[in-house]
Amino acid sequence: MNNGIHPLANLLAAVARGISGIQVQWAGCQPSQKQRIYFANHTSHLDFIVLWSALPSEIRAKTRPIAAKDYWEETAVRRYLSERVFKAVLVERSVLGKPKSPDHSKFASRSLIEHLTDALGHENSLILFPEGTRGTGEKVGTFRSGLYHLAHRFPQVELVPAYLENLNRILPKGEVMPVPMLSLLTFGKPIRLEPNEDRDAFLERAREAVSSLRRIGSA
Amino acid sequence: MFEAFHDQKMMILFGSAILFLLVLRAIATFLKSRSDSDSSRATVENLNSRLRAWWKMCFVFILCLLFGRITPLVIFGVISFMAMREYMTLVPTHRSDHLTLFWSFFVIMPLQYFLLGMQWIPFFVVVLPFFVFTFIPTSIAIEGDTSHFLERVAKIQFGIMVSAYCLSHLPALLFLRVPDLHGHNARLLLYLVLVDQLSDVLQFVWGKLIGKRKIAWRVSPDKTWEGFVGGVLSATAIGAALWWVTPFTPLQSAAISFAICILGFAGGLVMNAIKRDIGIKDFGVVIEGDVGILDRIDSFCFAAPIFFHIVRFYFSN
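Sequences listed follow chains A and B, in order.
Just so we're aligned: the first sequence equals residues 1 to 219 in the working numbering.
Just so we're aligned: the second sequence equals residues 1 to 317 in the working numbering.
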């Protein structure tokens, strides 16, 4: 635990890299120690670990995923992986907000903001899948409002879009066995919340920032 | 562990091949400094990319010679895996084929190398085609999704046949019992690779020099009749001149080299047609700035099995 990474996390990251044959491209920015929120499309259980393993190890040690509490607390194994191995920030999906729901103000509840402020600290980064659930990979789904609130609350943190390609074919939702095809990961240019930009416009722009990074086209 | 290196004839040929590569490298460096147009730069880059692949082939060949019979199996198993990975990544497979693909990678392909490792040659040559023909459609049918059924079956079958079945005939040459070779089977592998690759590059060179009439220009814009005839004839001549490392007579060697050249051409053409169909130039598009492993070994797909069968039927016991 010299740099704070659980040994199992490093092992799983190596396995995920092997299975996914991931090719990483920093197209819009370079790896950096700056505080960042990486947000990406979500199609597979491998998404987080592949994205995380693509970061240089000193950055990886300070980067935590935001994950759905209901799913990751369901079984002992998932709880162990999320809490101990990857030090995930577990949040209620409902709190992260449905795209159009009026109750997004709940997100601003003090305890959650404190929770996320703690998680970010002074030097940590986060990984977020704003679609909130795994899609089929054909297109990037509508973003939930959590990203907007994070952008609003932490304006100093860089928001880095990322596109994970082909992982939906390697380990799609509902499958247990991986098919070791090759995959691509592209980091885009950081975006920020513009003054007076409203929530839906920002979320759509963020979604566009992710989907524009697709390289091969629909599989 | 170094028996293979005591084979003098093989070492002479392999040494000459390495020398030849060094000379080519010098030529490529010289041409690079002299090239001033885009087309000449592209030609030099084509040569350099072939050179990189040939150094890798030399490396693989040396590894195969080193540690007995298990290494070639492992190495070619890995190459098959990588080739299949590239193929399945770029050929659009269907969501419902997930499990079938899983079996293809982790059971069917290893099975082929297992049969080879056990030296059950009669099984090695028939089990996989039969298995692929019956198992893949059955597995897809069990999955229950019948949309584009035949198309999906064919895509997967072709991928397995090319990357697992056809390629495994390269290491299989090391397992044949050929009385005239006294166990120096590495010569067969070297002979096949030399003739096949020379045919490929000589077709390119002849095509550049005197090529006019296109063959199948929609599939391979670079391939011309002049290049094809010139390349095949000159590679056949070189193959014939290499009879002394083989169990063949010079005439047999010419005929066998001719077969290797023709099938090498066919393999390259078919793989190009697949790439056109998918809409990519190289299978390596997923590997930034390089051609993929399938692009480099496409000419072995058909040539390796035919060479294997010729040697097995006429020269082994």
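If you are wondering where the hints come from, they were derived from the structure by calculation, not from laboratory data.
One should not assume that every hint holds.
[As the list claims (entries may be wrong)] If the Cβ cut is set under 7 Å, some of the chain B residues that face chain A in the computed set are:
{"id": "1", "residue": "THR89"}
{"id": "2", "residue": "HIS98"}
{"id": "3", "residue": "LEU101"}
{"id": "4", "residue": "PHE102"}
{"id": "5", "residue": "ILE210"}
{"id": "6", "residue": "ARG213"}
Using N, Cα and C, we set each Cβ at its ideal position, and we do this for glycine too.
Each hint, compared with the structure:
1. THR89: Check passed: Cβ of B:THR89 comes within 4 Å of chain A, closer than 7 Å.
2. HIS98: Where the cut-off is 7 Å and the nearest Cβ of chain A is about 5 Å from B:HIS98, the hint holds.
3. LEU101: Since the shortest Cβ distance to chain A is 4 Å, the answer is holds.
4. PHE102: holds, 5 Å
5. ILE210: This interface hint is violated because 38 Å lies over the 7 Å limit.
6. ARG213: violated, 35 Å
In this structure, the hints that do not hold are numbers 5 and 6, in rising order.
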